[in-house]
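2 protein chains.
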Amino acid sequence: MLTNPRADRVRSVAALSRRSARERAGLFVAEGPQSVREAVRFRPEAIRDLYVTAEAGERHTEIVDAATAAGVHVHECTPEVLAAMSDTDAPQGLLAVCRVLTSTLADVLARRPRLLVVLAHVRDPGNAGTVLRGADAAGADAVIVSEASVDVFSPKVVRSTAGSLFHVPVVTGLPVPQILAELAGAGITRLAADGAGTRLLPEVDLTRPHAWVMGNEAWGLPQPLREACDEVVRVPIFGHAESLNLAMAATVCLYASALAQHPAG
Amino acid sequence: MLTNPRADRVRSVAALSRRSARERAGLFVAEGPQSVREAVRFRPEAIRDLYVTAEAGERHTEIVDAATAAGVHVHECTPEVLAAMSDTDAPQGLLAVCRVLTSTLADVLARRPRLLVVLAHVRDPGNAGTVLRGADAAGADAVIVSEASVDVFSPKVVRSTAGSLFHVPVVTGLPVPQILAELAGAGITRLAADGAGTRLLPEVDLTRPHAWVMGNEAWGLPQPLREACDEVVRVPIFGHAESLNLAMAATVCLYASALAQHPAG
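Protein sequences appear in the order of chains G and Z. In terms of this note's numbering, the first sequence is residues -19 to 245. In terms of this note's numbering, the second sequence is residues -19 to 245.
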């Protein structure tokens, strides 16, 4: 039973709210029942430690039992210890310290993916998390997050993925031109989603293997990157809105792809 | 030139960040170039006063010129006055005090709408704003926000609509059962969007006039309301995600409708 909120172990978990500490340790934190449940179900081998208060342990016995059965180190701690580790104002009594989960692009491509998303210089944690969740729902094979993007293992992104971070392979750290080149080499059509696009979404063949390339929330995709893609696709706007936001545009594109690739629904 | 941040006029604008003050005055605030531009373009008659700093007036001459041409009362003020009126930490030098813009359901139905959205007990301002923006982009004819929902004229909702609040008719304040009954009376199919749905989105006929009925972000649509709708429709989930969030689900449904109703894209 961990009772000292000032212990070194507690401080080192709290430090993982900073990107530099995450990168040094190769660890990140998933909090709350939904994220922890999905971590235990889908990636138990990635969980280094699971911290649980007595109250949360009673409320979520199925999560703790599944973690124990999967060989996860489960530690009981006081609410004060959990609060000291937590990034949120209202910690929910369950916190998993996980090894950073990334796949290589080579691994992703070796599995012959049909639907991918590339986030090029996406900076907002909520957008990145929402796109990851949408990619999961649409059955995407992986999400590729370019260098100079938000850290997908930051507490805000992890929270906003609602567990999808543990479902979908994530590739990080590569420059966009290299990503686009490797996708082309694997025969994957690169579709830039951009308001400047000349092709409209309903006109595009989405049955072939393809990747949606989404640009930064403020400035979109720079022209050289658009030109490096096979097609630049615009989500049609039927009303007076200037545009959709990044997460909505990505969701519309991903679902158009999913429905085209799974015609039976 | 307004220079006193403690003037009564300034305080009464600042007070509009509270729902009670908005309801008493029948006024709300739209801030920043994007919202103010769309207010001036689409609903200049609803703008009671436009406040502009000298710097913003120079940077956005086209907005100020259009406002003046439309007969809007434009007031120059100091940055201190604008900051005292503003709800944001980084005011952008343009602030419009607008008359609350609502339509009646009767007016909306008289225009023979083909695509509507009903927000039933939606509480989160970001979700409501994002759905409004998505409804605009998808060419929806109106957004109907039930009683006991977030106030769509709150600063956060106004901001997250990115101007769409001035494009799309909004109906507020009615109980959900009454909304559903009036839609049925007008021959509009009521489609509840819910994870408990038995029909899958791609199977539903979206060419007929219909309304998407979206429930609360936490508890969805209560069963009696689902049963009061004509069909309960589920967005298919192809991966391991439990669900889409409200704004994403609404966007996917609205775009499916828009693409079905505008087959040429």
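Derived from the structure by calculation, the hints contain no laboratory data. Incorrect hints may have been included.
Pairs involving identical chains hold if they fit within one copy or between any two copies, as the list cannot separate such chains.
Stated by the list, open to error - With a straight-line cut-off of 20 Å between C-alpha atoms, the simulated EDC-like cross-links for lysine to aspartate or glutamate are:
no.: 1; residue 1: 136; residue 2: 3
no.: 2; residue 1: 136; residue 2: 104
no.: 3; residue 1: 136; residue 2: -12
no.: 4; residue 1: 136; residue 2: 222
no.: 5; residue 1: 136; residue 2: 197
Now for the hints, and whether the structure bears them out:
no. : hint      : result
1   : 136 - 3   : within (16 Å within a copy, 34 Å between copies)
2   : 136 - 104 : both (9 Å within a copy, 17 Å between copies)
3   : 136 - -12 : neither (24 Å within a copy, 40 Å between copies)
4   : 136 - 222 : between (28 Å within a copy, 19 Å between copies)
5   : 136 - 197 : both (17 Å within a copy, 19 Å between copies)
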